[in-house]
Amino acid sequence: MLLIRCPYCEAERPEVEFTYAGEAHIARPADPSALSDDEWRDFLFIRTNPRGRHFERWRHMHGCGRFFNAVRDTVTDKFAMTYKAGEPRPSDEEIALAGSATSVGEARP
Amino acid sequence: MSNFRIAGKGRVNRSRQVRFTFDGVDYTGYEGDTLASALLANGVHLVGRSFKYHRPRGILSAGSEEPNALVGTDRGNGRFEPNTRATVLEVFEGLKTESQNRWPSLTRDIGAVNDALYMLFSAGFYYKTFMWPKSFWDKVYEPVIRNAAGLGKAPTAPDPDVYASRFAHCDVLVVGGGAAGLAAALEAGRSGASVILCDEQSEIGGSLLSEPAAEINGQLAWDWLEDANAALAGMPNVTVLPRTTAIGYYHQNFIGLCQRLTDHLRIVPEGAPRERMWKVRAKQVVLAQGAIEKPLVFAGNDRPGVMLAGAARTYLNRYGVKVGNRVVVVTSHDSAWHAAFDLAKAGVEVAAIVDVRGTVPTQLAAAADALRIRTLIGWTVTGTRGRLRVSSVRVNPVGAGGKVGSAETIACDALLMSGGWTPSIHLFSHTQGSLTWNEDGQMFLPGRGKEDCCLAGAGKGRFGLKAAFEDGAAAGAAAAADAGFGVEPPAYHVEGELSFTGVTGRELPTDRDLGHAKAFVDFQNDVMAKDIRLAVREGFKSIEHIKRYTTTGMATDQGKTSNINGLAVASDALKRPIPAVGLTTFRPPYTPTSFGTFAGYNKGALFEVTRKTPIDGWAEENGAVFEPVSLWRRARYFPQGGEDMHAAVARECKAVRSSLGIFDASTLGKIEIVGPDAAEFMNRMYTNAWTKLAPGRCRYGLLLGEDGFIRDDGVIGRLAHDRFHVTTTTGGAARVLNMMEDYLQTEWPDLKVWLTSTTEQWSVIALNGPNARKLIEPFVEGIDLSDGAFPHMAMATGKICGVPTRLFRVSFTGELGFEINVPARYGRAVWEKLFEAGQRFGITPYGTETMHVLRAEKGYIIVGQDTDGTLTPDDAGLSWAIGKTKPDFVGKRSLSRPDMLAADRKQLVGLLTADPKTVLEEGAQIVLDPNQPVPMEMVGHVTSSYWSAELGRSIALAAIQGGRSLQGRTVHVPMPDKVHSATITGMVFVDPENTRLSA
Ligand SMILES: [Zn+2]
Numbered sequence: 001m002l003l004i005r006c007p008y009c010e011a012e013r014p015e016v017e018f019t020y021a022g023e024a025h026i027a028r029p030a031d032p033s034a035l036s037d038d039e040w041r042d043f044l045f046i047r048t049n050p051r052g053r054h055f056e057r058w059r060h061m062h063g064c065g066r067f068f069n070a071v072r073d074t075v076t077d078k079f080a081m082t083y084k085a086g087e088p089r090p091s092d093e094e095i096a097l098a099g100s101a102t103s104v105g106e107a108r109p
Numbered sequence: 001m002s003n004f005r006i007a008g009k010g011r012v013n014r015s016r017q018v019r020f021t022f023d024g025v026d027y028t029g030y031e032g033d034t035l036a037s038a039l040l041a042n043g044v045h046l047v048g049r050s051f052k053y054h055r056p057r058g059i060l061s062a063g064s065e066e067p068n069a070l071v072g073t074d075r076g077n078g079r080f081e082p083n084t085r086a087t088v089l090e091v092f093e094g095l096k097t098e099s100q101n102r103w104p105s106l107t108r109d110i111g112a113v114n115d116a117l118y119m120l121f122s123a124g125f126y127y128k129t130f131m132w133p134k135s136f137w138d139k140v141y142e143p144v145i146r147n148a149a150g151l152g153k154a155p156t157a158p159d160p161d162v163y164a165s166r167f168a169h170c171d172v173l174v175v176g177g178g179a180a181g182l183a184a185a186l187e188a189g190r191s192g193a194s195v196i197l198c199d200e201q202s203e204i205g206g207s208l209l210s211e212p213a214a215e216i217n218g219q220l221a222w223d224w225l226e227d228a229n230a231a232l233a234g235m236p237n238v239t240v241l242p243r244t245t246a247i248g249y250y251h252q253n254f255i256g257l258c259q260r261l262t263d264h265l266r267i268v269p270e271g272a273p274r275e276r277m278w279k280v281r282a283k284q285v286v287l288a289q290g291a292i293e294k295p296l297v298f299a300g301n302d303r304p305g306v307m308l309a310g311a312a313r314t315y316l317n318r319y320g321v322k323v324g325n326r327v328v329v330v331t332s333h334d335s336a337w338h339a340a341f342d343l344a345k346a347g348v349e350v351a352a353i354v355d356v357r358g359t360v361p362t363q364l365a366a367a368a369d370a371l372r373i374r375t376l377i378g379w380t381v382t383g384t385r386g387r388l389r390v391s392s393v394r395v396n397p398v399g400a401g402g403k404v405g406s407a408e409t410i411a412c413d414a415l416l417m418s419g420g421w422t423p424s425i426h427l428f429s430h431t432q433g434s435l436t437w438n439e440d441g442q443m444f445l446p447g448r449g450k451e452d453c454c455l456a457g458a459g460k461g462r463f464g465l466k467a468a469f470e471d472g473a474a475a476g477a478a479a480a481a482d483a484g485f486g487v488e489p490p491a492y493h494v495e496g497e498l499s500f501t502g503v504t505g506r507e508l509p510t511d512r513d514l515g516h517a518k519a520f521v522d523f524q525n526d527v528m529a530k531d532i533r534l535a536v537r538e539g540f541k542s543i544e545h546i547k548r549y550t551t552t553g554m555a556t557d558q559g560k561t562s563n564i565n566g567l568a569v570a571s572d573a574l575k576r577p578i579p580a581v582g583l584t585t586f587r588p589p590y591t592p593t594s595f596g597t598f599a600g601y602n603k604g605a606l607f608e609v610t611r612k613t614p615i616d617g618w619a620e621e622n623g624a625v626f627e628p629v630s631l632w633r634r635a636r637y638f639p640q641g642g643e644d645m646h647a648a649v650a651r652e653c654k655a656v657r658s659s660l661g662i663f664d665a666s667t668l669g670k671i672e673i674v675g676p677d678a679a680e681f682m683n684r685m686y687t688n689a690w691t692k693l694a695p696g697r698c699r700y701g702l703l704l705g706e707d708g709f710i711r712d713d714g715v716i717g718r719l720a721h722d723r724f725h726v727t728t729t730t731g732g733a734a735r736v737l738n739m740m741e742d743y744l745q746t747e748w749p750d751l752k753v754w755l756t757s758t759t760e761q762w763s764v765i766a767l768n769g770p771n772a773r774k775l776i777e778p779f780v781e782g783i784d785l786s787d788g789a790f791p792h793m794a795m796a797t798g799k800i801c802g803v804p805t806r807l808f809r810v811s812f813t814g815e816l817g818f819e820i821n822v823p824a825r826y827g828r829a830v831w832e833k834l835f836e837a838g839q840r841f842g843i844t845p846y847g848t849e850t851m852h853v854l855r856a857e858k859g860y861i862i863v864g865q866d867t868d869g870t871l872t873p874d875d876a877g878l879s880w881a882i883g884k885t886k887p888d889f890v891g892k893r894s895l896s897r898p899d900m901l902a903a904d905r906k907q908l909v910g911l912l913t914a915d916p917k918t919v920l921e922e923g924a925q926i927v928l929d930p931n932q933p934v935p936m937e938m939v940g941h942v943t944s945s946y947w948s949a950e951l952g953r954s955i956a957l958a959a960i961q962g963g964r965s966l967q968g969r970t971v972h973v974p975m976p977d978k979v980h981s982a983t984i985t986g987m988v989f990v991d992p993e994n995t996r997l998s999a
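As they're listed, the protein sequences go chains A and B.
Residue numbers are given in the working numbering: position 95 of the first sequence equals residue 95, and the series is strictly consecutive.
Residue numbers are given in the working numbering: position 128 of the second sequence equals residue 128, and the series is strictly consecutive.
Bound-form chain B, shown alone (with noise of 0.2 Å):
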């Protein structure tokens, strides 16, 4: 196996050796080293296909925003992850990869005709080229298109990682960790102030950790670093977290932080979280990201062995890699050549240096004939060789006036390049803070912002060490200040400085035509520069249509490599100077983001509450099946000796209606109405009248918005002249007393009314049946409960089983019935007492499918089931719970509004099918004409359904255009199967006359 590493090179730590595999090759790498810079030690290249056609593809840079080299890494224990970024993984003992978006293997890959059928793939393919015939669409283009297409495969097991969350405040958090991000937080952290300092790599540093031979302060570079490192460290109000990307900018300073806890371990501490999102308040945030080389856009530009010239400088210099034995610099900058010089002295045969500029700066040229580099000033590269890894360049001179002239063919294993710096403005530009285009440095700068903020360093275009560092020092020093602390920032001395002057090119200019060039601008979305023109020639002309026709800066990558050339090629085509054309928006995360460190601690039982009523035990324990209702379980059913729900709820209902059964009401929602104006604000709020509502007796109470649509409903009782308990639906407590709060608080705020909800105060326990006065009045004090009394829809206050109870007499099944209320702490002590008691008339506990049968079979409606937020009083036959008298409530102006006084408004009414046996689908639509065309003219739906046990047959109701009035019609219900036809009755089936209710 080829070995790449130079001895003597490099900050990885050469005694800790670590062996790993790529698609199953065993290869050996040490300590510190990313994928990426472990694999190019071995010599491998060639790490995966392309997105669209299935180039072969290599690593083009050495940080996060590699758009190639994405693999498949398995970290054991069903922890998959696609997509890994080889030049920010880090390698460990054991880890096994594998490359994407190839089949059968990597060097062989059948999926690579789609290179030969590039013209189906150009600009908007997804818009055209598979549109005709559109029979074809479904069956041919979509299937191969999903098959061809992507970037590696997702995990199949459920994440088995946890993930952490913290929040943070701090008076100065520092956004990178190269010169100006150090010098900012050391200013910060001397100043006396917080400070959170973060880097997205595994070691702070930045640049300076490719920069070993610069001079700080008369100190090496890692020499000065580590000094750096150890007096942050030292500063107890400072936190450093490398391993941490800031994610997202968001208002009022609110920052993102994710910090990777384990990823780099071999072995991992049970239970450790992997990841950890810090969402930090920061009083100032310095930006000091630093900048992003930018490839150059020419046919071939995308070959394995073509990488950014300063990508193979930081493999040489902080990994001790050589990225080639022979290799050619191409670019349009003077930093590329600072790569071409350390790759000499560390004995890489340069083949040339071909800077496509005119002229260079003198003491370039003078070192690199010091160093006997070949150098072709103002020539330009029109093609690369070399099938799985660049083999040639084809290299031309340009002469004046741009002509082209004859080619030359120069071998090489490594083809370097740089078309200069992009300051990474990302997280700026999540503040919506404005950029200014910079024409000489060809680069969009941060404008004004938005944000307490400010950028320091290459992130603001000031390039070079000593720049960086005085920049930041004076940023760090200047938040601190804001913040509050203060303190003098120094000077810098630095020697050793690279040199940043360089132009941003254009698509290098070729013999050859381009309109066949594959010169790529988006590696990672396969977008050529001529899929820009094609757009551009097609009509696009904003970039933000641009980039969405041809995908350009769409990928995973958001473009970070491809952004400036892909405006730069619009622009010429256009014919509009680029900030005409305008930059697209950057929006976070700023790198690809795990969902498990979005999601934090959110997930499995934590993702929401379970509320559970004091009953719920008794339930579980007696083999209740369960149901979310809102965020309540409830026991649906109790199935006895191997019962499917069906026969269950047969079994439970029959016991209702024959005897006793016994229910957990306890989720109703309650609220407390208490004050001297209790009983106006109750003739505001409610449709009823209830004024002459004595104490001691219920009301059913019909909530309606102001805009006449039913909200919600419940029984509601009046304890006392001024104490109303009012029940709500299960699902509707917190909404209800949300709009009682806002009619009290900001329209009526001179009512004396005080809102409680006493939802989990009370447990309920609702008894139903001819036997249920039978069970509970031998356990009740204080309260006389004979019919003459006691009737149906009173209440008292009382005893029973030795403790308090709000007694109501009222009735959700038509049966006889009492809703016990007892403290929470007492319900299960009291349904067990009653259940106990009860045997004798075979107590019977039911669940909510029950309690939805039997009240169905009566004709009472649930909100939120039957009706669904567009019926009136009206539409639902509950006119009658309206006060007629009343001037005023809410919703009842709209009650007359023409619409809502309109004869063909969809009506609640019941359903009968013509086969008794059919128990029609929930949601079903209705006809009337079931032989009409297709799409039918639908005149409603089925609200609820179910087989009555009672009656022998099934039941439902429905919502109806003008239903009451269609009494005894015929109506049809196409179902899958076949369409049913059901008979339109009133909405009550049992005990029409409720002589069941006065037993």
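Bound conformation, chain A alone (with noise of 0.2 Å):
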């Protein structure tokens, strides 16, 4: 069971407490009848899917109740950081910034 850290509560909380809620970083367009069907569909189903670093949104369902957004490598499962709903994508410098403050070192061989 993962620790998942609210950027609200500031504080790791058990995965329990969260549910997943999609990828992040897709804004509902301000205007949807200005998009074609095209653009539309990919607003509604077109998701990145990777292996690897993955944008995504979370909320701290059984907590505050709030909706954030998370960085988590979808091979190891490892969250690289966690930050508020609104705020921007951000870097590989403050994501890179960010796991080496919270990871786990390696096991010693």
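Don't read these hints as lab results, they were simulated from the structure.
Don't take every hint at face value.
[Claimed, not checked] Only pairs whose alpha carbons sit at most 30 Å apart, straight line, appear in this in silico DSSO-like list of lysine-lysine:
(1) B:Lys450 with B:Lys541
(2) B:Lys575 with B:Lys603
(3) B:Lys858 with B:Lys892
(4) A:Lys78 with B:Lys279
(5) B:Lys541 with A:Lys84
(6) A:Lys78 with B:Lys450
Put the complex together from the two separate chains, hints included.
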């Protein structure tokens, strides 16, 4: 069971308090009627589904109730960082910095 | 009865004899025995029959890796467990055990004919042997295999035991209580860190329990162990958990521990949990799980009496049991020699040590000479004999160039083998840690880790007590330091070390045809070396594929004794080195774990909450039959005087249509939407227009997903300019609130709106029927209920029966209706008051079944029953609920996608069967031409279907392609009894002009 840091509660909490909410940074278009059918299809259904770093949304369902964003590796399941809804997609440097601050050390062989 | 117990040896409690049975025969053992050691003490080696071939099998090991000795155990009172490993089962007075997979008896087993038919069961037999002729599959092969193969029998009664679970946190978790684990726990404990030490065995000590002669820092091993246990017991920061298996290692140092609490007790305290699942979050983990001895692969290596040399040594030194009177040892590794020496010193005749290596350490050869043990260096084993127990072993010299010389037969009643040791890296593997192949040791060792953990001792290839102690102490100190506690690990001085050099054998060389050798690799799944070679010949190259095709390593032991041997055979057949062939992945649980432990407290009433309304108790007292609706239990109908559901529902429907019914609608989801932007938020969420809805009025609201499909619906009242009382479907409340929160928090954070779930704050009493107003009028204060002042779809706040109410004039039945919301704590009192006063109108409580019929008669849909996530508002005939002038709402853009406008979309319509008495099955498929060939083209399905007492006939709703344009058309509904025909109609069957609503 993962530990997830809620950026609003500013605390790590066990995964059972959270629900997953899909890919992050897919904003609802301000005027959907201006979109072509293909553009609207892409907004509705097309997701990156990467192997590796994924920007995604979570909700601290059984806590503060807030939706927030996270950077997680889909191979290792590890969270690199979490941040508040509405904040911009973090840069590689920010993710690396956050990752080194919070990630666990490598095992001693 | 033979006695193989040796005086003065072992740790079992000789003053506490226990009686137990195996296959109905009485035996005695001692407290501290496992079933395996107690059976061996009685000379019993034959304990079961194998999975596929029903070959007689004995006891291979002395630990949890045991693949063969699986028994059924009966602890009384319905406590039956199959496939218990005899090597870990502690005996107690009155224990009943039985062998498995045999009929009629263990010694005479009909299924053993499979052994002669072994060609049928070769690699991949699941996929090929039984495929032809096809018609034989379900008649002959499948039942025969089901009957013949498999392990144990499932208990038939529900598990009567209770299981506990608990969360725990610690600085250092040490898994394994052998030399390395003890040393780690001692150092971490001394540092002041909080420590949990767990070990799967009944006693902490690991291999030390089998090494009484070793000396540690000048103390005999068992004395040292006693002191170490006492030291740990004296540390308040250390928790020691024997009989506790670390079953899985999950993310971020989250480890599951299964603690067995009562299986070893003769008398189980009432209510005591059988097992406890510890869910431990550790800052640091030390894995000290030791190593597992490998069998050798040669013909007849599975006969009862053939066992691992280390196991024989454990039975001798720990349990005081000799495994035979005349033993032969065959090995590729030094450690087995020590088993021979210990047995010889205990008076057992060791007929020979056969070592397949060309040379052995000189001190071993010298020690064997001193004990007058014959040694055959550079020899091989090519077969064994003995029907139910090994009686002789066939050995041959191997000459230069690998030529196998002529055979010699040596009589024996036990054959001890060792192919070296496999570090137990299972838990490390659970963390996705990488493994590296160690060519010298011929073993996989832990590589790069992914968690805060380290390994110590034999589990990472450091064999021998001194290495284990010092490695463990260093690991414990380092883990404590990483968790913020400092300590300096000590040095250990050990006398009496075993020697640990050796080679990992391939299949032993033989002078016979390897293609016919029954040389087993996986004992539990009955996989032989030749099966693996066959898989390679048939084109399998990946070890993951070979594993699945042959099933090697796929039994409940996860190949603890077989993986490396299987890999070596595959590597030889593929002519590729072992690391290039790769290792299969280990997965939790480490050993078989009862379902009860995983379930813990979450069973029966605690498996899932049952939500009950404040009026539920009244319904129960008045004979309601309940049904689950999401997590709620709801009254389905109220039978009177032996009525069945049909009769009760017909009576309840009639009462509502003719006079008055009362219904508990408290489960309806309720959300309070408040704020200056509440109407704007509603406009964006729901299809309908809300701006012009006046306070004191209600509107039917329809909620779509962004994909344009119906998600939920409900009546929504406007209490004030900035306040809406939203109702949702019973099952959709949480989903709808989550969706609203999502949009509010992430898409429109600028809107000043607050959402509150109020479902459980209100009791809702629905009154329906022509007499509804007459009933409540005397009880209502502050609201003019006349039709002009309070028309259909009006709402107001006031008082009823002296308590506050939000009163809605709404109807889900087509009759004059009111929904009375009162604070939940008054729900039952108001209900009872109205029920009492309603007697003069023949007030009738009704349940969800009647509610379903009444609403279907009016063509009111139920989201989730008449819709399935693929219907648009237009499909459901609800285009009128869309605010046409609104620029946007959730799902609006999707409604103009081309597919959403297609003429052949399924549309909701009514159906009237040709035979009015036929009630169609909900979910039944609909076809246009009943005479077309199968598979027929289906054009829709029945979504709702009931008997309508009002109409004296059946009615149904259905989703049919282009249904609205097919009004009057006859369609056909194939059902099991016959094909029924029906006519497509409109959806409203009763009072289409809605005259009753405005009564
Ligand atoms: Zn939070």
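These are the hints, each one checked on the structure:
1. B:Lys450 with B:Lys541: Cα-Cα ~29 Å, so holds.
2. B:Lys575 with B:Lys603: violated (52 Å)
3. B:Lys858 with B:Lys892: It holds: about 27 Å lies between the C-alpha atoms, which stays within 30 Å.
4. A:Lys78 with B:Lys279: With a Cα-Cα distance of about 20 Å, the restraint between A:Lys78 and B:Lys279 holds, given a limit of 30 Å.
5. B:Lys541 with A:Lys84: Not satisfied, since the Cα-Cα distance of roughly 48 Å exceeds 30 Å.
6. A:Lys78 with B:Lys450: holds (10 Å)
Of the numbered hints stated above, those contradicted by the structure are hints 2, 5, listed in ascending order.
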